[in-house]
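Top line first, the protein sequences correspond to chains A and B.
Residue 68 in full-length UniProt numbering sits at position 68 of the first sequence, and the numbers go up by one each step.
Residue 65 in full-length UniProt numbering sits at position 65 of the second sequence, and the numbers go up by one each step.
None of these hints come from the bench; they were simulated from the model.
Treat the hints loosely; a few may be bogus.
With the C-beta cut set under 10 Å, the calculated list includes, among others, these residues of chain B facing chain A [claimed, not checked]:
(1) Asp-59
(2) Ser-80
(3) Lys-83
(4) Arg-92
(5) Lys-111
(6) Glu-138
(7) Phe-155
Virtual Cβ for every residue (Gly too), placed ideally from N, Cα, C.
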Amino acid sequence: MSKQETVDFSAFPDADGHFGAYGGRFVSETLIGALDELREMYSRLKDDPEFIKAFDYDLAHYVGRPSPLYLAERLTEAAGGARIWLKREDLNHTGAHKVNNTVGQALLAKHSGKTRVIAETGAGQHGVATATVAARLGLKCAVYMGAEDVKRQSPNVYRMKLLGAEVIPVESGSKTLKDAMNEAMRDWVTNVDDTFYIIGTVAGPHPYPQLVRDFNSVIGREARRQSLEEFGQLPDALVACVGGGSNAIGLFHPFLNDSDVKMYGVEAGGEGLATGHHAAPLNDGVPGILHGNRTYLMEDDDGQIIETHSVSAGLDYPGVGPEHAWLKDIGRVEYVTADDKEALDAFRQLTRTEGILPALESSHAVAYALKLAAGMGADQNIVVNLSGRGDKDIFTVAAIDGIQV
Amino acid sequence: MTEENRIDRRFAGLRAEGRKALVAYIVAGDGGSENTVPLMHQLVASGTDLIELGVPFSDPMAEGPVIQKGHERALEHKTSLRKCLQMVAEFRRQDADTPVILMGYANPIEKMGAENFAEAARDAGVDGALTVDLPAEEAGPLNRLLSERELRNIFLLTPTTGDERLQQIAGLASGFVYYVSLKGVTGAGHLDPDSVRDNLTRIRRHTDLPLCVGFGIKDGESARAVSEHGDGAVVGSVLVSAIGEAASAGAARDSVAAIVGEIRTALDA
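Isolated chain A (complex conformation):
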């Protein structure tokens, strides 16, 4: 770990959007104009006091921040080791961390003068968060969602429609999140004159991985301050689930230069790494190019992207944000997995011990934190990003239990 001591993590990405060998801008020339415009606008606004003030105001008064850092006493007791603190992103307006980013990008959309926003969504949380800010600002909104996910996540589909968004089922490819992202890119390149694309995770071409990270970094900034207030020191470990990786990078980033804070990103182990049916590119993938950036991917021997599996639709993505790929390679963050069963067990355990129904995505982080805590001392502290609430998942869990809700 000597390498990381010389790295100033706040200096990344570089001007062309690279995190070491990862990131960049691997898109058709047809998108370059739109990305240049966005990069220019973001670099102008990100340090602008008026913009920051507007963002902070919305986070406080619309999202309901700061979100609490909550000591899960009975869960801690059950794990039998380190104290487990939950960063309660599930308490945000719309029920997940996704809204931090959509509020920020909506401000960018407003500045750009564009009248329409589009988004891709997997589980529907980002779609809902986008439809929400679009409704608030009176912008037209179209959300691309894989046809398979439309079926799996009908409550969120209806929420988006209630919010006035058009939900467009995507029938191409594997009909999931990655295909929704392809389709949103195609819409954007066609309608770039009046349309702003709100990407929901820290993937995609530069500057998206940077700006989505920056908007979500409020999670880590708060958690850092709250840790000092609540237990007088920085946490010993941070744990967050990683699909595309926006909630994880949001928690991790403000701590990256604190070399004593260990970090664990938890990928979806699906039916188990050995089965190949999972969504864990950092654990079992290889570097490649997809959706505008170089990163770890799940692919076959010919470089075709393969279908992934996870009980949680929000982690069911064959790529991962390029900053995570880099943090893995340099050893700053350890990437591990929790499989479907472990996540479901954690879902039930948190619900029963703390009265908190976690999203299945976040349940992966809880599952790993339980194992991690057991091997640590009672005087140590783990902060887990409880990135979303699980109300949207009760149908999935009921179906697994053989119950019709």
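Take the given structure of chain A and dock chain B to it, following the hints.
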């Protein structure tokens, strides 16, 4: 400009004859891998000057619905990049002159290894590559490997490509330049010949390479309109659509022959 490369030779020949280039795009393996090489020969027999062979990819982000479906069909036939290279080698056994450009996405090349790809492409008789998601700032390494082997690097230019960027791309491009005539994905509508003319005039100030125009060209009339101010027209979606709808391999060749023939006639008129 060396004339050892088939693309250079073909454009030099067309220029000497005062003719416009007809560039035809099909997806390798679409309609069955055994039918691709016969289709390529048919394209040439009907008047195609350069073939763009699409390398199928699971996530063809820049393509409209028609060509996406072509990629999906080709992947159902397990058409890998290696397979595409074998097809070009087979095509070369009967056709030593028609330039073939591989048009695809970066990941299959990344998987094979850029140097392995460059070697294999040269050995198969490929003349150039257009890698859609390798824009100028990311194209350097592959560009060099291909150039070292006398293969050409085809780049896209768009209505939104500014002058500074135009200059950067012109410095990397070889063979010809592919001007995307509209904002959107392949196969979109609303072609505007006036804007094409203005932009081609602008591009001319930065490069002497032949300029071919694509995206949205459906027939002889549109091909003729856009190529008036350039050196050629690229036609793709209308061919891929015909191949997708054809009831048999023979019917696909007949449809493709009719479409290309009509465009050829219009371009030469």
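Open item on the list: Which constraints among the numbered hints does this structure fail? Numbers only, ascending.
Closed with: Of the numbered hints given earlier, the structure breaks just one, which is hint 4.
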